[in-house]
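These protein sequence lines are chains A and B, in that order. By the count of the working numbering, the first sequence reaches residue 668 at its end, each step adding exactly one. By the count of the working numbering, the second sequence reaches residue 255 at its end, each step adding exactly one.
Everything labelled a hint here was simulated from the structure, so no lab data went into it. Glycine included, every Cβ here is placed at the ideal spot set by N, Cα and C. Don't take every hint at face value.
One side only, chain A facing chain B, incomplete, derived with CB under 10 Å [unchecked claim]:
#: 1; residue: Q267
#: 2; residue: M406
#: 3; residue: I540
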Amino acid sequence: MVKLPECIEKSDYEKTLSSSPKNETSSQPCDITLALAGNANVGKSVIFNYLTGSDQVVGNWPGKTVDRAEGNLQYKGQNIHIIDLPGIYSFSTFSMEEIVSREYIAYENPDVVINVLDASVLERNLFFTLQLMEMEVPMVIGVNQMDIALQKGFQIDTEKLEKALGVPVVPTVATRGEGLQKLIKKAIKVSEAKKIPKTPIEYGGEVEKVIKQLQTFLESENINLGYSNRWVAIKLLENDPEINRQVESLSERAIQFSNYLALELEQIHNEPSFSIIASERYALANRIAAGAQERCEYKISLSEKLDKILIHPLYGYFTSALVILGLLVWTFVLGNFISEIITNAMSFFQPVDPAMSGPVLAVLWNGAFGGLVAGLTLIVPFVIPFYIMLSYIENSGLITRVAFMMDSFMQKIGLHGKALIPLILGYGCSVPAIDSTKILETRRERLLAAFAITFAPCSARTIIILSLVAIFVSIWWALALYVLDIIIIFVMGKLALKAMPGESTGLIMEMHSLRLPSSSVILKQTWNRTKSLTYMVFPIFIAGSAVIQLFYVLGVLEPISNFMAPLTVGWLMLPAFAGILLIVGVVRKEFVLLTLVSFVGTDLSLALTPVQFIVLALIGMLYIPCLSTISILIREFGVKAASVISAANLITALLVGGIAAHVLSLFL
Amino acid sequence: MSSEKILSESTEEYLEVLYKLSLKERPVKTTNISSMLNISPASVTQMIKKLEKEGYVHYSPYKGVTLTEEGYKVASNITRKHRLLERFLHDVLKIKKEKVHDQACEMEHSLSDDAERALCHLLKNPDECPDDEELIPVCDFKFETCEECHKRRQEEVNEVGKRDKNLVSITDMKKNEKGKVSFIRGDYKVIRRLMDMGITMGAQVSVLEVAPFKGPVELLVRGSHLALGRDIAKNVFVEIIRETTSRSGGAVSYG
Numbered sequence: 001m002v003k004l005p006e007c008i009e010k011s012d013y014e015k016t017l018s019s020s021p022k023n024e025t026s027s028q029p030c031d032i033t034l035a036l037a038g039n040a041n042v043g044k045s046v047i048f049n050y051l052t053g054s055d056q057v058v059g060n061w062p063g064k065t066v067d068r069a070e071g072n073l074q075y076k077g078q079n080i081h082i083i084d085l086p087g088i089y090s091f092s093t094f095s096m097e098e099i100v101s102r103e104y105i106a107y108e109n110p111d112v113v114i115n116v117l118d119a120s121v122l123e124r125n126l127f128f129t130l131q132l133m134e135m136e137v138p139m140v141i142g143v144n145q146m147d148i149a150l151q152k153g154f155q156i157d158t159e160k161l162e163k164a165l166g167v168p169v170v171p172t173v174a175t176r177g178e179g180l181q182k183l184i185k186k187a188i189k190v191s192e193a194k195k196i197p198k199t200p201i202e203y204g205g206e207v208e209k210v211i212k213q214l215q216t217f218l219e220s221e222n223i224n225l226g227y228s229n230r231w232v233a234i235k236l237l238e239n240d241p242e243i244n245r246q247v248e249s250l251s252e253r254a255i256q257f258s259n260y261l262a263l264e265l266e267q268i269h270n271e272p273s274f275s276i277i278a279s280e281r282y283a284l285a286n287r288i289a290a291g292a293q294e295r296c297e298y299k300i301s302l303s304e305k306l307d308k309i310l311i312h313p314l315y316g317y318f319t320s321a322l323v324i325l326g327l328l329v330w331t332f333v334l335g336n337f338i339s340e341i342i343t344n345a346m347s348f349f350q351p352v353d354p355a356m357s358g359p360v361l362a363v364l365w366n367g368a369f370g371g372l373v374a375g376l377t378l379i380v381p382f383v384i385p386f387y388i389m390l391s392y393i394e395n396s397g398l399i400t401r402v403a404f405m406m407d408s409f410m411q412k413i414g415l416h417g418k419a420l421i422p423l424i425l426g427y428g429c430s431v432p433a434i435d436s437t438k439i440l441e442t443r444r445e446r447l448l449a450a451f452a453i454t455f456a457p458c459s460a461r462t463i464i465i466l467s468l469v470a471i472f473v474s475i476w477w478a479l480a481l482y483v484l485d486i487i488i489i490f491v492m493g494k495l496a497l498k499a500m501p502g503e504s505t506g507l508i509m510e511m512h513s514l515r516l517p518s519s520s521v522i523l524k525q526t527w528n529r530t531k532s533l534t535y536m537v538f539p540i541f542i543a544g545s546a547v548i549q550l551f552y553v554l555g556v557l558e559p560i561s562n563f564m565a566p567l568t569v570g571w572l573m574l575p576a577f578a579g580i581l582l583i584v585g586v587v588r589k590e591f592v593l594l595t596l597v598s599f600v601g602t603d604l605s606l607a608l609t610p611v612q613f614i615v616l617a618l619i620g621m622l623y624i625p626c627l628s629t630i631s632i633l634i635r636e637f638g639v640k641a642a643s644v645i646s647a648a649n650l651i652t653a654l655l656v657g658g659i660a661a662h663v664l665s666l667f668l
Numbered sequence: 001m002s003s004e005k006i007l008s009e010s011t012e013e014y015l016e017v018l019y020k021l022s023l024k025e026r027p028v029k030t031t032n033i034s035s036m037l038n039i040s041p042a043s044v045t046q047m048i049k050k051l052e053k054e055g056y057v058h059y060s061p062y063k064g065v066t067l068t069e070e071g072y073k074v075a076s077n078i079t080r081k082h083r084l085l086e087r088f089l090h091d092v093l094k095i096k097k098e099k100v101h102d103q104a105c106e107m108e109h110s111l112s113d114d115a116e117r118a119l120c121h122l123l124k125n126p127d128e129c130p131d132d133e134e135l136i137p138v139c140d141f142k143f144e145t146c147e148e149c150h151k152r153r154q155e156e157v158n159e160v161g162k163r164d165k166n167l168v169s170i171t172d173m174k175k176n177e178k179g180k181v182s183f184i185r186g187d188y189k190v191i192r193r194l195m196d197m198g199i200t201m202g203a204q205v206s207v208l209e210v211a212p213f214k215g216p217v218e219l220l221v222r223g224s225h226l227a228l229g230r231d232i233a234k235n236v237f238v239e240i241i242r243e244t245t246s247r248s249g250g251a252v253s254y255g
């Protein structure tokens with residue numbers, strides 16, 4: 001589940017890619033292009049970080065929401081370009097990651113592919129290796145996590161593995177840097193020799209016969225898709241829709257023949273051909289793995305004991321709750337603390353409250369500066385600590401345990417266990433939360449999660465609730481608002497599910513062994529994430545805040561506010577200036593509060609009744625996502641979806657706020 | 001599937017001939033059968049009596065033979081396969097017209113229904129067979145149109161394996177019990193993903209943990225720990241492997 005957010009350099013990448021299909025993202029000429037491939041969570045990113053150091057960029061694959069991490073390595077005078085392919089289990093077309101990886105290998109022809117394996121789950125990893133070998137690319141295998149395998153009682157003979165596969169194999173422990181020098185040396189050697197494993201690993205009897213038949217036929221039809229014909233033959237037999245389409249456009253006869261052969265196989269086994277091939281490939285992987293590993297004495301390790309508790313039917317809920325709470329407390333307590341320090345430090349230079357009068361330039365400057373402070377007080381105190389903690393929870397494998405325990409609850413709003421993570425993030429800040437919906441499989445699920453997130457009380461909204469209601473009404477009303485918000489999330493989640501019906505993806509998730517993540521990976525991940533967020537959020541904060549304050553001074557907001565009066569005064573029963581508060585609050589929710597203070601002074605109770613406090617807090621909490629949230633919604637889901645979500649927010653806010661105003665005024 | 005009852009090749013051959021002849025005359029005279037199959041009338045009568053016992057035909061001496069409903073079903077199915085095969089041999093493999101009949105006769109008996117369906121797709125739903133331009137009987141699949149049938153072949157396989165009575169869903173497995181995956185049903189993509197993750201036919205799995213409140217199930221398969229949501233897990237069926245000797249006591253049998 002190691003996911004990095006996409007970066008702002010996306011467009012730059014697209015440019016470089018469209019101008020030259022080969023990798024020349026770096027200005028220096030590259031002698032060798034090396035790709036890292038393998039299952040998820042095998043330590044690829046650790047190796048990538050070790051090899052590239054600080055010289056790396058995380059972008060996006062053109063047109064896809066899949067991260068593309070690449071970097072450079074200077075090794076003995078050679079400039080090596082390294083690309084970290086997403087972690088996948090197979091080369092089918094059921095996920096973007098798989099398509100991106102196989103097309104990269106076929107069309108961009110890396111000089112060598114390093115296939116990283118998890119030594120503790122050798123058989124499953126070899127399933128992928130075999131597919132990679134079928135693609136006939138020059139490759140080297142790094143058997144990583146040898147230490148964890150040993151802890152689990154597997155002793156792996158890499159020499160035997162090398163003999164069985166016919167590909168150089170290097171044992172590594174990436175977290176300690178062991179074996180990586182040797183791995184890169186072998187990789188360079190292979191890339192220079194352009195050595196493609198000559199003898200493909202053969203399947204059993206009739207399957208192999210059928211593959212060969214089809215391969216020969218494809219050759220006789222002169223089919224060349226950029227992939228090896230053996231691989232194409234296997235994919236055709238596996239009924240791969242993409243390859244089917246490509247071959248069909250070249251030779252319909254080939255498709256007919258492959259259908260015929262597939263049927264022949266299906267007749268023998270009484271199973272669909274894709275199932276036969278998967279079974280055969282696993283049988284092969286099993287044989288190779290069994291030949292190369294030996295069971296040895298082992299003790300049940302600490303991580304296994306811990307695991308027993310983490311997913312225990314009873315204790316598991318406590319530990320899951322602890323993880324979630326820990327993340328929230330860590331972010332809030334630490335965040336608030338640092339946020340205050342920064343705000344104080346900045347106000348030393350310049351007042352951070354919105355300026356509502358004065359010369360235009362001064363107002364612009366004040367607005368821009370206020371935006372900068374807003375950005376700083378969001379990113380530095382809340383986002384960075386949050387990302388660090390999140391990275392830990394992700395990389396250690398803790399997150400999979402929490403998702404495991406929480407799956408049944410999340411299913412109620414059409415999402416599976418993994419969607420809990422973005423939702424928790426939403427309590428901190430919606431922007432990284434929406435960014436992290438990438439871990440979900442389908443766009444529909446990402447959208448559902450993002451929608452729920454926009455209702456979650458982020459730190460800014462919490463501040464509004466606390467300072468308006470808790471201080472001027474009572475702490476119990478503030479808590480009630482929090483509870484109401486959770487109910488609203490649930491109800492809206494249900495409604496969204498009704499509006500976007502469809503099959504919800506069930507959970508299929510590998511629970512890799514728990515481990516202490518390497519801090520260099522954590523820091524680099526945090527850095528990359530923060531960087532991409534900063535690029536996006538800062539300009540919006542600075543420009544948005546300046547423009548809105550300017551509008552106010554120029555008197556543009558006044559008429560809008562008056563125009564909104566029937567709604568704000570009539571329906572919501574708020575003072576007339578509330579319209580301005582809400583417009584200003586779109587930039588950043590705290591501005592609602594700051595502007596209010598600049599209007600009426602610090603004793604807000606003089607201007608508002610308790611009901612008005614509650615209604616204003618409610619509206620502020622729900623009414624529209626802030627500018628940076630809207631912009632990430634647009635980036636991830638497009639303008640249309642972003643507007644629908646914003647509109648849904650606004651309508652909910654007005655409905656709930658109005659009802660609250662009318663009902664509460666009867667009691668209070 | 002008609003393969004539940006395995007019919008002998010000669011039974012199928014007789015039914016096929018009866019199908020063809022009964023288009024012209026009903027009941028069919030045994031002498032016509034014997035001349036068509038080139039077999040003595042005596043052995044034809046003997047075989048017909050056997051078929052009658054099995055419920056495929058009605059036979060009244062001196063009048064002739066008529067197909068029962070069941071017999072007609074089998075007969076049209078085998079005829080369909082025969083004629084589709086002829087088309088295939090002729091159109092795709094370019095075998096001469098004169099030779100396709102004998103070849104098809106050999107192949108028709110071992111052609112599965114799935115294969116028949118795919119053949120029909122491959123040949124783009126043909127109407128006639130090549131040698132004597134006779135009509136190909138319609139298929140007995142439950143599809144409204146050929147188009148619908150096509151789509152299903154391309155996209156969805158919603159079941160793999162055969163569901164036997166002795167199979168247990170993995171959600172019903174006890175902890176540390178071992179089972180052999182024998183039947184999976186559900187969304188096509190999910191089935192493909194499961195197979196990529198190692199849950200293939202015949203793979204050995206055991207349950208490590210089950211989350212309460214209908215939560216997911218944690219499995220051990222091919223050395224890896226896999227969590228499956230309940231809705232997916234309940235559609236994976238296994239044959240329980242009874243361990244005769246439990247040497248290791250179960251506790252250390254995974255890792």
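Verification of the hints:
no.: 1; hint: Q267; verdict: holds (5 Å)
no.: 2; hint: M406; verdict: holds (8 Å)
no.: 3; hint: I540; verdict: violated (38 Å)
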